[in-house]
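**Q** Below are the chains, spelled out letter by letter.
2 protein chains.
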Amino acid sequence: MDNKIDIPMAVIKRMPKYFRYLEDLLRGNISIISSRELSVKIGFTSSQIRQDLNSFGEFGSRGYGYNVQELYEQVKGILGLYKEHKVIIIGAGNIGQALANYSRLEKLRVRLEAIFDANPKLIGISINDVEIRDVGTLDSYLSENMIDICIICVPCSQVEGIKDILVKHKVKGIWNFSPVDIDIPGGIITENVHFSDSLLTLTCLLNEQQGRQEQKESEDRIA
Amino acid sequence: MDNKIDIPMAVIKRMPKYFRYLEDLLRGNISIISSRELSVKIGFTSSQIRQDLNSFGEFGSRGYGYNVQELYEQVKGILGLYKEHKVIIIGAGNIGQALANYSRLEKLRVRLEAIFDANPKLIGISINDVEIRDVGTLDSYLSENMIDICIICVPCSQVEGIKDILVKHKVKGIWNFSPVDIDIPGGIITENVHFSDSLLTLTCLLNEQQGRQEQKESEDRIA
Numbered sequence: 000m001d002n003k004i005d006i007p008m009a010v011i012k013r014m015p016k017y018f019r020y021l022e023d024l025l026r027g028n029i030s031i032i033s034s035r036e037l038s039v040k041i042g043f044t045s046s047q048i049r050q051d052l053n054s055f056g057e058f059g060s061r062g063y064g065y066n067v068q069e070l071y072e073q074v075k076g077i078l079g080l081y082k083e084h085k086v087i088i089i090g091a092g093n094i095g096q097a098l099a100n101y102s103r104l105e106k107l108r109v110r111l112e113a114i115f116d117a118n119p120k121l122i123g124i125s126i127n128d129v130e131i132r133d134v135g136t137l138d139s140y141l142s143e144n145m146i147d148i149c150i151i152c153v154p155c156s157q158v159e160g161i162k163d164i165l166v167k168h169k170v171k172g173i174w175n176f177s178p179v180d181i182d183i184p185g186g187i188i189t190e191n192v193h194f195s196d197s198l199l200t201l202t203c204l205l206n207e208q209q210g211r212q213e214q215k216e217s218e219d220r221i222a
Numbered sequence: 000m001d002n003k004i005d006i007p008m009a010v011i012k013r014m015p016k017y018f019r020y021l022e023d024l025l026r027g028n029i030s031i032i033s034s035r036e037l038s039v040k041i042g043f044t045s046s047q048i049r050q051d052l053n054s055f056g057e058f059g060s061r062g063y064g065y066n067v068q069e070l071y072e073q074v075k076g077i078l079g080l081y082k083e084h085k086v087i088i089i090g091a092g093n094i095g096q097a098l099a100n101y102s103r104l105e106k107l108r109v110r111l112e113a114i115f116d117a118n119p120k121l122i123g124i125s126i127n128d129v130e131i132r133d134v135g136t137l138d139s140y141l142s143e144n145m146i147d148i149c150i151i152c153v154p155c156s157q158v159e160g161i162k163d164i165l166v167k168h169k170v171k172g173i174w175n176f177s178p179v180d181i182d183i184p185g186g187i188i189t190e191n192v193h194f195s196d197s198l199l200t201l202t203c204l205l206n207e208q209q210g211r212q213e214q215k216e217s218e219d220r221i222a
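Protein chains in written order, with numbering that gives the first Met the number 0: chain P, 0 to 222; chain S, 0 to 222.
To be clear, the hints were calculated from the coordinates, so they are not data collected in a lab. Mixed in with the good hints there might be a few duds.
[Stated by the list, open to error] Simulated pairs of lysine-lysine, DSS-like, Cα-Cα distance not exceeding 25 Å:
id, chain 1, residue 1, chain 2, residue 2
1, S, Lys16, P, Lys12
2, S, Lys40, P, Lys75
3, S, Lys40, P, Lys40
4, P, Lys12, P, Lys75
5, S, Lys82, P, Lys12
6, P, Lys171, S, Lys40
7, P, Lys120, S, Lys120
8, S, Lys106, S, Lys171
9, P, Lys167, S, Lys215
10, S, Lys82, P, Lys215
11, P, Lys82, S, Lys215
12, P, Lys16, P, Lys82
13, P, Lys171, S, Lys215
14, P, Lys16, P, Lys85
15, S, Lys40, S, Lys16
16, P, Lys106, P, Lys12
17, P, Lys215, S, Lys120
18, S, Lys106, P, Lys12
19, S, Lys16, P, Lys16
20, P, Lys16, S, Lys120
21, S, Lys215, P, Lys169
Take the sequences, apply the hints, and build the full model.
**A** What follows is the structure in structure tokens.
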């Protein structure tokens, strides 16, 4: 029997933003907020906010607004943040090092357990008090350690080999910063991050804006 | 008169993924692809693909499929990649350095013109042949140089000051890696990047999966 709670992916993708904004409200000592006020801050419509939060159960009371602390705790629960997540970083290049030093991880109870790399010059060095190990020992490391999330920051050519090891050890999640999408059907939950996608969204919007400006200028000349 | 080409943001956000997959197809020497085949690869439905691409004009011919090279060139145009974009990085910490070394920028014709930081230990050092300058000189630099995109990688406390300078000099776009969202209504087009959002999507999905498994186990025990 399949009791899957079918929360649309789009709703799940919006949850982290709710979390960030609720954190901000708490820092600002705001204790009650209406969906309309939250809408202005966060940029989703009030009805979308009500609908999103209803996917997970009853929140807030009509005409009164949301209790920020309560909503924050509940969103935190939805995001699985009451549990500590053990992670490892595979690939200690620029991105891997930036993530190892990323202070927000700790706040989100994400504990960096180990870092792996193939480069002999990096092996043995510590980042944020975590030593870089030889990636050749990843297989045996995962035999002995339960890891929730593997952060992959290796070049394309190394992804397949790493993937096989992670599948073998039934790692739960992959946070993938490598240039190739990882998709393991029915298997490990994966989030693929592509920096350049957001850059290209930006160039696309700039291009559109420029097109509009040029069109306007040409029309102004004709008029 | 407003001649805005109103392409939904969701479509624009999908364009970079089309671009990446079309690049892959070209590398694999695939010259024709149906929307159904593209759908399997990219993970959007065929009808979504047809609808997305139609937002920008006529692509492909019915029953024949898309000419990959042609589609690639057109998506490249939509993304504004026939134009070189001049960028600067503000903040040369881990993320700033990772981006300065990010080889994909060059492939996308994004030219790194300068890097700025406040740390005297970093000023004068070069990353990827670009020297780190004193952020105190940013204002005068922007008076003399036309920059398309500013990449912001500074801590929260410095964002406001930087933002004021960018608004003053009418920079076109901001690619924001700082922890706070930047939103300049009617002003500079901004893409806010939050690493942790994708991590939280992952922990949310892991949490959901665990919830389902626990429910199943408890039902199995009862059955």
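**Q** Against the earlier hints, flag every one the structure doesn't satisfy and list their numbers going up.
**A** 2, 3, 5, 17, 18 and 20
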